[in-house]
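Visitor: Working from the sequences, and respecting the hints, build out all of it.
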Amino acid sequence: MEELTRLADVQEAAAGDGHLLWATQGRHDGRLGPGVRAWRHGTALAVASPGLSRRDRLAVNGAPDDAAHLVRHLLGELEPTYRPVGQAPLIDALIDRIPGLSPIRGFYWMESTDLPDSPATGVEWLDEVTVKEAASLFDRFFPDSFAQPDDGGVHRWAGIVEALGDGTRPEPLAVAADVWSAADCGFLAGVCTHPAARGRGLARAVCGFLIGELVRRHGRAALMVHADNPSAIGVYERLGMAKRLLTAAQVRLEDR
Numbered sequence: 125m126e127e128l129t130r131l132a133d134v135q136e137a138a139a140g141d142g143h144l145l146w147a148t149q150g151r152h153d154g155r156l157g158p159g160v161r162a163w164r165h166g167t168a169l170a171v172a173s174p175g176l177s178r179r180d181r182l183a184v185n186g187a188p189d190d191a192a193h194l195v196r197h198l199l200g201e202l203e204p205t206y207r208p209v210g211q212a213p214l215i216d217a218l219i220d221r222i223p224g225l226s227p228i229r230g231f232y233w234m235e236s237t238d239l240p241d242s243p244a245t246g247v248e249w250l251d252e253v254t255v256k257e258a259a260s261l262f263d264r265f266f267p268d269s270f271a272q273p274d275d276g277g278v279h280r281w282a283g284i285v286e287a288l289g290d291g292t293r294p295e296p297l298a299v300a301a302d303v304w305s306a307a308d309c310g311f312l313a314g315v316c317t318h319p320a321a322r323g324r325g326l327a328r329a330v331c332g333f334l335i336g337e338l339v340r341r342h343g344r345a346a347l348m349v350h351a352d353n354p355s356a357i358g359v360y361e362r363l364g365m366a367k368r369l370l371t372a373a374q375v376r377l378e379d380r
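When we follow this note's numbering, the leftmost residue of the sequence shown carries the number 125, and every step to the right adds one.
No lab work stands behind these hints: they were computed from the structure.
These numbers were taken from a predicted model, which means no experiment stands behind them.
Backbone N, C-alpha and C define an ideal beta-carbon position, used for all residues, glycine too.
Warning: the hint list may mix true and false statements.
[Claimed, not checked] Subject to a maximum C-alpha distance of 20 Å in a straight line, what follows is the list of computed SDA-like cross-link-like pairs (lysine to any residue):
| id | residue 1 | residue 2 |
| --- | --- | --- |
| 1 | 256 | 278 |
| 2 | 256 | 275 |
| 3 | 367 | 308 |
| 4 | 256 | 285 |
| 5 | 256 | 318 |
| 6 | 256 | 287 |
| 7 | 256 | 286 |
| 8 | 367 | 237 |
| 9 | 367 | 355 |
| 10 | 256 | 269 |
| 11 | 367 | 343 |
| 12 | 367 | 239 |
| 13 | 367 | 348 |
| 14 | 367 | 356 |
| 15 | 256 | 267 |
| 16 | 367 | 213 |
[What the hints assert, rightly or not] So the derived label-pair ranges between C-beta atoms look like this:
| id | residue 1 | residue 2 | range |
| --- | --- | --- | --- |
| 17 | 241 | 319 | 21 to 29 Å |
| 18 | 251 | 204 | 39 to 47 Å |
| 19 | 325 | 223 | 44 to 52 Å |
Guide: This is the structure:
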């Protein structure tokens, strides 16, 4: 097992795997993100990323036997809050090979390296005052969102600001964040639309705008979505994003 300390070495070992590249939280100056560590064993690569999208994540890929050897060792070294995450067949194989691991609900990792076909209209970067106004959207309609307007990991918020009716004051109706982005993988989260404005394609416009901006800056845009949310998945697919089913696992409490 070899620990990789240079971002360039981890990028080479990741071989274009967007999920692993994101987990590095790599910086444009060539360093790994704060607290991030990475290891390689045979064909397997594992990246431990603390507090990423509010979870301690151990992103992993590679052949099952190599990955099991690597993850088994790391679970004894890292805090028990770290969860192995990878493509569903690999995590299933790890659960079979490593005593004490149990699965957690799967989700889709979706990404694109292409600009959306149609330009987004009516979307703008939100200033500090408007971001604070957007906080009420989350308080009322999406309190469980991992990305929130007061989150320190957010780089920028984009949104559509309009009045809901005659005589009403313009307000954020649909928003999304550039958050937890890495040098070569931009990340989108915190998509929220006011219920009274749904059905107008506002969320699609905001996401299309952000995908384009992230691809231009990072070369790749990505997000995560629950596997049981077909309407959102359909929106992202129409924006050109491809999906992969990922699964997380955790060490059972009685085995810690």
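Visitor: The structure should be examined with respect to each hint, and the outcome stated for every one.
Guide: Hints versus structure:
no.: 1; hint: 256 x 278; result: holds, 13 Å
no.: 2; hint: 256 x 275; result: holds, 11 Å
no.: 3; hint: 367 x 308; result: holds, 18 Å
no.: 4; hint: 256 x 285; result: holds, 13 Å
no.: 5; hint: 256 x 318; result: holds, 15 Å
no.: 6; hint: 256 x 287; result: holds, 17 Å
no.: 7; hint: 256 x 286; result: holds, 16 Å
no.: 8; hint: 367 x 237; result: holds, 13 Å
no.: 9; hint: 367 x 355; result: holds, 14 Å
no.: 10; hint: 256 x 269; result: holds, 16 Å
no.: 11; hint: 367 x 343; result: holds, 17 Å
no.: 12; hint: 367 x 239; result: holds, 16 Å
no.: 13; hint: 367 x 348; result: holds, 9 Å
no.: 14; hint: 367 x 356; result: holds, 12 Å
no.: 15; hint: 256 x 267; result: holds, 15 Å
no.: 16; hint: 367 x 213; result: holds, 15 Å
no.: 17; hint: 241 x 319: 21 to 29 Å; result: holds, 28 Å
no.: 18; hint: 251 x 204: 39 to 47 Å; result: holds, 41 Å
no.: 19; hint: 325 x 223: 44 to 52 Å; result: holds, 49 Å
Violated hints are absent here; each numbered hint is respected by the structure.
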